[in-house]
Amino acid sequence: MVRCPKCGKMNQDSSRFCNQCGTTLPQTRTRCPQCGLMNPIGNAFCSRCNTRLHDSEFQLPEQPKPPEETPVGVKGISLPTLPVAGDGTLETTELPDWLLELTEQSLETPADALEPTLEEPFLDWLSDLEDDTAGEVAGDATGRSTADAPVPDGVAPSATMPDWFDALPEEDEEAGAAEAEVETPSSLAGVDDEPALDELPDWLLATATPTSPGDVPSFTPWPEWLSKNAEEPTPGQEETEQELPGWLLQSAEAPPSHASPAAHSAEEDAGRVVPLPFPEPEEEPVSETSAPDWLAALYPAEEPEPQEAVESQAGQTASSLPDWLMGISEEEEVEPQAAATEPEAETVPDWLMGIYDDEEVEPPAAATEPGAETVPDWLMGIYDDEEAEPPDVAPSTEPEAEAVLGEDIPDWFADIDGKVEEAGPLAAIFTVEPEEEEPALEADIPDWLAGIMVEEPVPAQPQTFEQETESGQADVPATDDIPDWLKGMTPPDDEAAALEPAQSAFVPSETLSEASEDEAPALEAGEIPDWIEGLSPTAPGAVEEEAAFFDRVSGDESLVRAEVPSWLQGLRPPGTGPLPSLPEVAYTDKDQLDADIPLPQEGGLVRAEIPDWVQQYRPSADGEVGEESFLEPSETDGPLAGLRGMLPSGPLMDMPADFEPVSLAAKLDAVYPESIVAQAQLWQRLLEQPRSVPRPVAQHRVRSGRGQQAMRWIVAVVLLAVTALGLLWGEAPLSQALSRPHIERFSRAIDALQTGDTVIVAVEYGPAEAGEMTPLARAVVQHLADRNVQITMVSTLPEGAGLIHGLLEPQALVNHLAAGKAAYLPGSSSGVAQFLSEPAEAKMLIVLAGRAERLRWWVEQNNAQSATSPPLPVNVGVNAATAPLMMPYLETLPVVGWVVGLPDLAAYQEFRGLTSGALNSQLDALMLAHWAALALLLFGLFYYLALGKKGAS
Amino acid sequence: MFKRVLPTVVAMLVGILVLLGYVLPVESLTWLRDIILLRWAMVLAAFALFVAYLSLLRVHVLRLTSVRKNKFTSLLMILSALGVLILVLVQGLEGPLAQQVLTAVLIPGESALLAVTAVTLIVAGMRILRARRTAGAIVFVVVAGIILLTNVAYSVYPEVLGILRQSIDVLATAGMRGLVMGIALGVTLTGLRILLGIDRPHSDE
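If you read the sequences in order, they're chains X and F. To convert, note that position 596 of the first sequence is 580 in the numbering used here; the numbers rise steadily by one, no gaps. Quick note: to get the numbering used here, add 1 to the position in the second sequence (first position is 1).
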């Protein structure tokens, strides 16, 4: 079946035009020129008669190659599966540029620097948290204040930490001294060096931009309510305004039973909580080498304190982390100042209330309690694959979390650490749990980050968070349950109310709500959550540990699967299904962009607005067809949809034998004249005829023009008239016979014969020459009879035998004919040679030839008998047409004499003293006919010379 | 083998023997050439003529059975061939009916065709300058005119015409000598190629 490129209707393979719209269809078969069988277009030879269908240089159109699957990488990893080189480093053949840069920088760093330095890029924006917190420093994994934390290169120490990060509680300073080995996934092996500031991604640089002079730089992408006190970003960083990854933002959806991200509407986005709220940046940056305790707690196996674990990751720069990870720091516009001013807000800000409820919801009161025993619902979802009851899990891990992270760590963070302890340092990060419902999503998002996001929908909890919020049954965490660092991100009420509908933020899951009920350890200002600090890749060569970590984490039900951003979907490992398509988000309001309102995000990316001048070139399948002709249909599918004049996919082939043309009179008349249409239809009918039936061949007759026919009639009439005149001329003869030597020799040779001699007479002329040769033959035979010789008459022509008897009509001549000597000689020259070889008593050979070859045979064979016997003397009698051709033979021996045509016959007769009136009349008629022919030739010569070229043509 | 090799071998052998018979004055070779080989050739030629006659009849009979045009001419051909064969077999060549057919049908018919050729040649000669406006065309017409003029001597000035005709004859003879020599050389070369087996017109190749 052939699909119409215009209307998409399926037509038969033999159809040349679409049955619906009449568009010319690309041919899929080739007609055999020999037998007419329709063969597939790919066949080089006919299936029936093995006739070559195409030239040797013909090549089939290349079939589109199937998309190559990505190489199998680490099983279950959500991040792009990167091949590992032999030395355990990454193969940078397919890495994105930003990652390559990070890799290169990480390779250049010494071994000590291979330690995870996760906190360093985070320190940039996390350090801002210190400025706005109440003296509390988020610190790094070592617990040192951000002011003491080493500042990354190119980044001002006091201007790198976000305000909200500063609001984090201080870590234990002692924990930051040790650097524990942190499991680093192989994908991030070697990517631990802090890149230069200019090498950081734009979105990350934006986070490091100081927003206010003298203050910790705020992140420009933060929403205004989040970065209330943020200063204007530096010019260089203004460009880096980017939104939070979609997977991070989508965590703001309803926790346990939230729908897929694609189903979210704009209204649903309003219910989303802002992304991970970052406290206002602190003035003092976080230490470079130490990771926050809360982050270090992610790796309890390698270090006694989670801070150490986190600190071990401090060696790795934040830039070594993929963007999605680092994007955690780049959320919507944050107001670090606002967060700093309210590090320990007792009440949940309105904007935060939006996390739990679109309507006014009182903020959780437990957010200020530093030692919250419960993990927030939205964070508990990190561990819960099947969305088990977070409260069931949180309490068990709380004590451990508190013990590890300290009292300042929110409970919801603490629970995370407890879960990760067993799994490993990076188990929380690179957890891939086989999700029943959406395995692809879960496999792509690390567990530690998945906890930030909303949990996948679980049958046990069909209701989405939004539904719950709408119904008012959502487990809105109490104010106390909200961590301090989250509290610090409280925007002004008015701004929060205005931005709520457009905000896309994380919606805390039920775990968050449940955890908020417990005493969640509140982070001090500037304190980096442990779960963030733990976002450091493991050391290289820890593939096995990573896999083990994955296995442990995969079984953890409390982990929440995050949604893979769109830019990450293409890098999913093989075996995972494609992610649902992102909903289209069209920007129709430019003011929305101008107002720095958080734009709708999809998969972590903001859909850009196509300029109008580009929109003009958008091909449309539903475009106008008025100007389109049936010869140039527009493509309806594929990447060329909407374009016209595209060549068909296959070469046009001949029509099949069983093709029945569709009436295209209406369409063809509009384009082609009737004559062309008729010719085309004639061709179609001719090609439809099967080859088995012999086609009638037109009888082509070459007819001369009327002028030429008239001329022929004229010439014929003239010649007839002149001939008749000559024959009827009764007066004195007009012609004259001229005696020549060869005629005399001819006559004298016959006169020399004696009585009883045998003469061989070869009659070698046919009925056509009989009119001219018969009088000569009769005269010669008569002459021989007068000499009383025996005549042996032979002929190599079948009709010659009959002519011989006509020459012997007179009974007297018959008596002279030798018995049995009037015969037909077959075999052409061989017969002549055989005849001459027989011993004979012939004295002379007389050849009466009307054709040159016959005469040659006799002359040549007669000369060939010289070996055995001398050749016979030869007399030759020829017609006027043969004489010029045989003149070389006539002038050689042993030819004695010859007589040519009627003029020499007349002379021969006159030489013998014989006259004949009939012969004179014939001679006159011949002369007059010759003169008439000459006159006609001269007339034509002068006539066409006078006319010239144009007149002649 | 019998279609490709044997005919070639026979042709080569016979040709060498006949040639040797003409070159070497050996009686056995002469006897072999004249008695054996030439008679065999005459018999085969006669038989080939008879086979050609039968093939002609067969072709025209098939035309009668096929769905084609011109069936009347094929029928006429078959009837005439069979009729003359029967007539000659019965009366012989000297029989009156056979002679009547020869003198009343064959000779006038072929003579008429030759006469039409003459008219066609004259008309073509008249239009020669329309087709080709070259000097050769003019020379052709002039020479043709001289021959036509001097073929039959005019009684008024026969000497002038005689001289003119002899000059034309000399030129014609010279040209023909060259052609004949070329024909002779070609025949000789072809014979050698057949004798040496280079050309194999008799084999089925």
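Bear in mind the hints are in silico, worked out from the structure with no lab data behind them. Heads up, the beta-carbon is just placed ideally off N, CA and C, and yes, glycines get one too. There's no promise every hint is true.
Below, a sample of chain X positions facing chain F; criterion: calculated Cβ distance under 7 Å [what the hints assert, rightly or not]:
| id | residue |
| --- | --- |
| 1 | Ile25 |
| 2 | Leu631 |
| 3 | Gly691 |
| 4 | Ala700 |
| 5 | Ser719 |
| 6 | Ser723 |
| 7 | His789 |
Which stretches of chain F does chain X cover? Using the computed rule of at least three CB atoms under 8 Å from a CB of chain X, they are [as the list claims (entries may be wrong)]:
| id | stretch |
| --- | --- |
| 8 | 120 to 133 |
| 9 | 192 to 199 |
Evaluation of the provided hints:
Annotation: X/Ile25 was flagged as interfacial toward chain F, and the flag is violated, the nearest CB pair being 38 Å apart, outside 7 Å. Proximity of X/Leu631 to chain F is violated relative to the hint, the smallest CB-CB distance being about 47 Å (cut-off 7 Å). Nearest Cβ of chain F to the Cβ of X/Gly691: about 9 Å, over the 7 Å cut. The hint is violated. Hint status for X/Ala700: holds, given a least beta-carbon distance of 5 Å to chain F, under 7 Å.
Using the Cβ-Cβ criterion of 7 Å, the hint placing X/Ser719 at the interface with chain F is satisfied: the shortest such distance is roughly 5 Å. Because the beta carbon of X/Ser723 sits about 10 Å from the nearest beta carbon in chain F, more than 7 Å, this interface hint is broken. Of the supplied interface hints, the one on X/His789 holds, with its beta-carbon coming within about 4 Å of a beta-carbon of chain F, less than 7 Å. With 10 residues bearing a CB less than 8 Å from a CB of chain X, the stretch 120 to 133 of chain F meets the requirement of three and the coverage assertion stands.
Against chain X, the stretch 192 to 199 of chain F contributes 0 residues with a C-beta closer than 8 Å to a partner C-beta. That does not satisfy the three-residue criterion, and the hint is violated.
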